[in-house]
Amino acid sequence: MTISRRSLLAAAPLGAAILAAPTIARAQNAGRVVIIGGGFGGASAARFARDRFPNLDVTLIEQGRSFTTCPYGNLVLAGRRTVESITFGYDRLAARGVRLVHQRAAAIDPQGKRVRLADGAEVPYDRLVVSPGIDLRWGAIEGYDEAASARMPHCWTPTLQPITVLAAQLRAMPQGGTFVMAIPDNPFRCPPGPYERISMVAEYFKRHNPRAKIIALDAKNGFSKQPLFQEAWEELYPGMIEWRGASNDGRVTAVAPAAMECVTEFGDRVKGDVVNVIPPQMAGRIARDAGLAAQSGWCPIKPATFESAQVPDIWVLGDATIAAPMPKSGFAANTQAKHAIACIAASLAGRAPPAAVYFNTCYSHVGEDYGISIVGVYRGGERLTEVEGSGGISPRNSALQGERRAEHRRLEALYADGWYDAITGEMFG
Amino acid sequence: MRFHTLAALLLLAGGPAAAQTADGPLLAGACAGCHGVTGEGGHGIPNIYHMHDRQQFVELMRAFRTNQRPNTVMGRIARGYTDAEITALAAHFARAQ
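First to last, the protein sequences are chains D and G. First residue of the first sequence: 1, per the numbering used here; consecutive thereafter. First residue of the second sequence: 430, per the numbering used here; consecutive thereafter.
Simulated from the structure, these hints should not be mistaken for laboratory data. From a predicted model like this one, the values you see are computed outputs, not experimental measurements. Honestly, I wouldn't trust all of these hints.
[Unchecked claim] Derived DEER-like restraints, expressed as beta-carbon distance ranges:
#1 P238/D to T511/G: 36 to 46 Å
#2 R207/D to H472/G: 33 to 43 Å
#3 H479/G to R383/D: 36 to 46 Å
#4 Q497/G to K206/D: 21 to 31 Å
#5 A294/D to Q497/G: 36 to 46 Å
#6 N186/D to D482/G: 40 to 50 Å
#7 H479/G to E407/D: 24 to 34 Å
#8 G402/D to D482/G: 28 to 38 Å
#9 R99/D to H472/G: 29 to 39 Å
[What the hints assert, rightly or not] Quick partial rundown of chain G residues pointing at chain D, CB under 7 Å, derived from the structure:
#10 L455
#11 A457
#12 G458
#13 A461
#14 G468
#15 G473
#16 P475
#17 H479
#18 F486
#19 V502
#20 M503
#21 R505
#22 G509
#23 D512
Virtual Cβ for every residue (Gly too), placed ideally from N, Cα, C.
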């Protein structure tokens with residue numbers, strides 16, 4: 001799969017111009033690449049490094065011995081998937097030659113270029129990839145601390161709280177009960193995620209609790225793929241879902257867990273039989289402790305490479321980064337990871353980094369045989385920009401007639417499954 | 430090795446990404462997210478590996494760009510890439526993995 005520089009020299013009479021081009025040529029110096037975090041960013045980086053730059057020495061530090069994806073967690077709520085079916089092990093990555101260290105990364109020493117593990121052992125690096133995901137801002141919503149989350153789950157970080165907690169609460173909800181969701185302001189992990197969750201809970205209710213109601217309290221005035229979601233909700237779950245935006249007093253500023261109430265900005269108390277609070281977030285702690293984060297709690301990166309804008313020889317990927325207009329999504333982390341590894345290989349070989357082109361497609365399941373998507377193609381130079389005239393959301397109902405509409409929605413739901421299998425297959429297969 | 434020559438010529442010819450040559454294998458990383466790493470695709474997503482006819486790949490992507498060919502996401506995707514990048518991708522997918 002790799003092209004040796006020697007064979008390039010032999011076959012390409014145009015010489016230096018050709019040699020400068022592909023980054024898939026072997027790195028001249030093997031280097032030690034350490035990756036913190038075995039999620040979408042980290043696992044993708046590890047796989048890509050083994051496939052394309054086999055000279056690199058790759059260590060993946062991931063505390064968990066398995067990984068449950070956030071994507072498709074909402075399908076567990078709908079009863080379409082089991083949590084086992086969205087959980088993966090690291091054996092295949094290890095078999096590909098990634099050194100797996102199943103320990104918590106406790107601290108980074110950027111001067112000494114070492115990662116210290118929880119047991120005190122040290123892992124030296126030449127280049128470090130930090131893909132830690134998010135931490136939740138406990139207390140940002142008054143009263144919403146870890147204790148509160150047992151009663152009012154977030155289920156927004158599988159390692160902290162498996163989706164099964166919310167699934168069990170929904171199944172135990174009385175007939176005709178109310179499900180309340182508190183949705184945060186931007187930026188947060190997975191912009192369409194809360195709305196796919198509303199959809200999948202609605203799908204579950206439609207079948208098992210048809211008189212149940214869903215109240216979504218949103219700190220924002222708009223959301224990803226909004227017209228598509230709202231058209232679908234109207235069609236599939238009429239009268240079940242109420243979405244309140246910020247300008248309609250939708251922002252939740254406090255919770256009263258004992259009373260199962262969300263309290264809004266202007267003092268409205270909204271009670272639920274089941275309450276899902278998605279709190280404000282920030283970059284994972286390992287990144288913040290290492291000085292990789294800005295005041296906002298998110299990590300600034302150089303758009304052309306995803307190197308940290310604050311600490312040398314460290315790349316930051318995924319949800320932890322400030323990478324707008326790219327969304328905080330698994331697919332975004334996956335393409336950032338690949339570019340980062342290519343840049344790391346180039347840097348170790350003393351070559352210029354390749355041109356930065358990043359990509360994302362977020363699929364959302366709204367109902368049975370009903371999928372929608374948002375696409376983004378991005379370039380990284382001085383800034384991260386979306387390619388004009390490209391990307392965007394699936395067509396609205398008005399743009400699709402009759403049979404074509406049903407077929408389009410059915411295909412997107414199907415392709416969503418294809419995406420999920422392809423990307424998890426790449427990381428863990 | 431001819432795709433390197435072609436890529437260099439396109440580089441000389443100019444275009445939006447002219448500063449650096451289109452890196453087919455790296456760009457293809459994004460495609461793998463849906464089409465799979467070795468083209469297994471699945472769930473209706475076609476296998477695009479071993480598309481030995483590079484011109485067919487280029488023409489397909491052009492047809493997606495203008496929505497001449499019905500699609501769900503490929504039009505929105507194809508409009509994100511330059512001619513040089515699509516040519517580089519075509520060469521990448523033409524090679525056996």
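Any of the earlier hints contradicted here, and which numbers?
Result: hints 2, 4, 11, 14, 16, 17, 18, 20, 23 break, sorted rising.
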